[in-house]
Amino acid sequence: AQKVTQAQTEISVVEKEDVTLDCVYETRDTTYYLFWYKQPPSGELVFLIRRNSFDEQNEISGRYSWNFQKSTSSFNFTITASQVVDSAVYFCALSLRTYKYIFGTGTRLKVLA
Amino acid sequence: GAVVSQHPSWVICKSGTSVKIECRSLDFQATTMFWYRQFPKQSLMLMATSNEGSKATYEQGVEKDKFLINHASLTLSTLTVTSAHPEDSSFYICSARAFLAGGPDTQYFGPGTRLTVL
Numbered sequence: 001a002q003k004v005t006q007a008q009t010e011i012s013v014v015e016k017e018d019v020t021l022d023c024v025y026e027t028r029d030t031t032y033y034l035f036w037y038k039q040p041p042s043g044e045l046v047f048l049i050r051r052n053s054f055d056e057q058n059e060i061s062g063r064y065s066w067n068f069q070k071s072t073s074s075f076n077f078t079i080t081a082s083q084v085v086d087s088a089v090y091f092c093a094l095s096l097r098t099y100k101y102i103f104g105t106g107t108r109l110k111v112l113a
Numbered sequence: 114g115a116v117v118s119q120h121p122s123w124v125i126c127k128s129g130t131s132v133k134i135e136c137r138s139l140d141f142q143a144t145t146m147f148w149y150r151q152f153p154k155q156s157l158m159l160m161a162t163s164n165e166g167s168k169a170t171y172e173q174g175v176e177k178d179k180f181l182i183n184h185a186s187l188t189l190s191t192l193t194v195t196s197a198h199p200e201d202s203s204f205y206i207c208s209a210r211a212f213l214a215g216g217p218d219t220q221y222f223g224p225g226t227r228l229t230v231l
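Top to bottom, those sequences are chains A and B. Counting from 1, position 76 in the first sequence corresponds to residue 76 in this note's numbering; the numbering is continuous, with no gaps. Counting from 1, position 33 in the second sequence corresponds to residue 146 in this note's numbering; the numbering is continuous, with no gaps.
Worth flagging that the hints you see were computed from the coordinates, not collected in a lab. Here a beta-carbon is modelled for each residue, glycine too, at the ideal position from N, C-alpha and C. Every clue listed holds true.
List of simulated lysine to aspartate or glutamate pairs, EDC-like, C-alpha gap at most 16 Å:
1. Lys3(A) - Asp29(A)
2. Lys100(A) - Asp218(B)
3. Lys70(A) - Asp55(A)
4. Lys154(B) - Glu44(A)
5. Lys110(A) - Glu15(A)
6. Lys154(B) - Glu10(A)
7. Lys100(A) - Glu172(B)
8. Lys177(B) - Asp201(B)
9. Lys70(A) - Asp22(A)
10. Lys38(A) - Glu10(A)
11. Lys110(A) - Glu17(A)
12. Lys110(A) - Asp86(A)
Pair ranges (Cβ atoms, derived):
13. Glu56(A) - Ser128(B): 47 to 55 Å
14. Leu181(B) - Ala81(A): 41 to 49 Å
15. Asp178(B) - Ser74(A): 39 to 47 Å
16. Ser12(A) - Asn183(B): 37 to 45 Å
17. Glu15(A) - Ala185(B): 46 to 54 Å
18. Arg97(A) - Ile125(B): 36 to 44 Å
19. Ala185(B) - Ala81(A): 46 to 54 Å
20. Pro224(B) - Glu56(A): 30 to 38 Å
21. Phe47(A) - Thr144(B): 14 to 22 Å
Pulled out of the complex, with its shape left as it was, chain A reads as follows (with noise of 0.2 Å):
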């Protein structure tokens, strides 16, 4: 069975922190992509990254940088000095062949400012 497992329910920071959002997934393919995408309070999704189970590079985008590592089934995403804007939930998925997207139940990030 697939699953996407977001333990931390809630997060809150003070702005400038750096913030880890832990995403532990589970799937018996070979080949498969994983996403995070971030919902703001108007609802609508925001891609951030998606990245496919043979490329394991970390990946940094301005303050944003993910860390996929296969041996632990991992694929956490780091914001670097936290700013209030950044509050969301942040959903990572998954997707297999099926292309079906598999969804974490969200980190809910508070920033305070």
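Since chain A is already given, all that's left is putting chain B on it; use the hints.
Relative to chain A, chain B alone:
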């Protein structure tokens, strides 16, 4: 970029009425679209996969007679909630699968439709 729109963005209806939600891919063709439901403070749950020109495939536990899906063209899929009840109140999100030039196979999400059934 690939844009997916939904209409309406929000709707309030009375219990027992039917509501239709449209999902359109504005600048690309999508043979496959997906419908998700998200209850407050919960995750997105896939309801069904909509394929152009064929019947939708529903996930386990989703009533196909209650949630009618039609994918009549390569740019439009509709979800009709029939005989809506308060427990159907939710945020409905669609996505469209696309292969864009130079890019990987990806789903593009619409902005969502908030349904409130009184």
